[in-house]
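*Asks:* According to this note's numbering, the sequence shown holds residues 25 to 246 in order.
Simulated from the structure, these hints should not be mistaken for laboratory data. A few of these clues could be false.
[Unchecked claim] List time: in silico DMTMM-like cross-link candidates among lysine to aspartate or glutamate, alpha-carbon distance up to 20 Å:
1) Lys133 <-> Asp190
2) Lys50 <-> Glu145
3) Lys147 <-> Glu63
4) Lys147 <-> Asp53
Here the structure is a predicted model, which means the values were calculated and not measured.
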Amino acid sequence: MVARGWLTHEQVVTALAAQQSARSGKIGDWFEKLGFATEQQVTSALGLQWGCPVASAPDAAAIAPVGRIPLGIMEAFQMIPLHFVSTTNTLYIAFGERVDHAALYTIEKVLDCRTRPCVRERKGIAAQLDQMRQQPRPHEVEFGPMYDYTEIGRVSASYIARLGADDARIGRVGQFIWLRLRAQASHTDLLFRLGVEPPSVQNVLSPPPPVKLISAFPAALP
Numbered sequence: 025m026v027a028r029g030w031l032t033h034e035q036v037v038t039a040l041a042a043q044q045s046a047r048s049g050k051i052g053d054w055f056e057k058l059g060f061a062t063e064q065q066v067t068s069a070l071g072l073q074w075g076c077p078v079a080s081a082p083d084a085a086a087i088a089p090v091g092r093i094p095l096g097i098m099e100a101f102q103m104i105p106l107h108f109v110s111t112t113n114t115l116y117i118a119f120g121e122r123v124d125h126a127a128l129y130t131i132e133k134v135l136d137c138r139t140r141p142c143v144r145e146r147k148g149i150a151a152q153l154d155q156m157r158q159q160p161r162p163h164e165v166e167f168g169p170m171y172d173y174t175e176i177g178r179v180s181a182s183y184i185a186r187l188g189a190d191d192a193r194i195g196r197v198g199q200f201i202w203l204r205l206r207a208q209a210s211h212t213d214l215l216f217r218l219g220v221e222p223p224s225v226q227n228v229l230s231p232p233p234p235v236k237l238i239s240a241f242p243a244a245l246p
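Make the full structure from the sequences, and use the hints.
*Replies:* Okay, here's the thing in structure tokens:
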């Protein structure tokens with residue numbers, strides 16, 4: 025932002041001092057609070073930092089049903105699905121803060137599509153998430169905090185049997201384990217919010233046959 029003439033070195037030092045004194049907030053927030061930069065400038069800088077385009081408003085009609093990501097995950101990462109291109113099977117996801125590539129990896133595996141990140145104004149993302157909270161999400165069930173993977177496996181197997189699921193995809197997304205169950209033309213998302221320092225996973229989530237379980241765990245869990 026300094027190189028582009030949006031901020032001076034003195035303004036950066038002042039914002040850093042204010043952030044350190046308050047011991048809270050992101051540096052971009054302080055640029056805005058102190059009147060040194062607009063939210064649009066901060067968002068553009070994030071786009072440059074992460075090498076991502078700056079996005080416009082989401083196209084709700086173009087992301088259903090493939091872009092249905094559990095609300096808990098979207099809130100944790102301050103992101104929303106923006107647009108789905110069926111010809112390339114690509115889902116564009118807008119982030120309001122930090123682009124998380126581990127989350128994108130898991131979303132790709134669970135939704136069976138490609139993902140591409142972009143950035144959008146943080147306030148716009150927050151407003152969109154607030155609207156989503158007011159809408160019914162009957163196909164999402166959240167549990168937690170949970171500390172016992174054996175219990176997670178028991179709950180998962182119970183839902184698999186109850187729904188008659190013929191396909192299951194699972195992945196770790198930050199503090200969540202996300203299990204998507206498909207039965208015929210519908211799906212159900214189970215979201216397990218993990219407690220602090222849960223035990224290591226030892227295949228306790230493998231459902232009984234003939235369900236096909238596709239793991240979306242990154243090589244190195246965060």
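*Asks:* Compare the structure with each hint and give your call.
*Replies:* The hints, checked one at a time:
no., hint, in the structure
1, Lys133 <-> Asp190, "17 Å, holds"
2, Lys50 <-> Glu145, "14 Å, holds"
3, Lys147 <-> Glu63, "8 Å, holds"
4, Lys147 <-> Asp53, "11 Å, holds"
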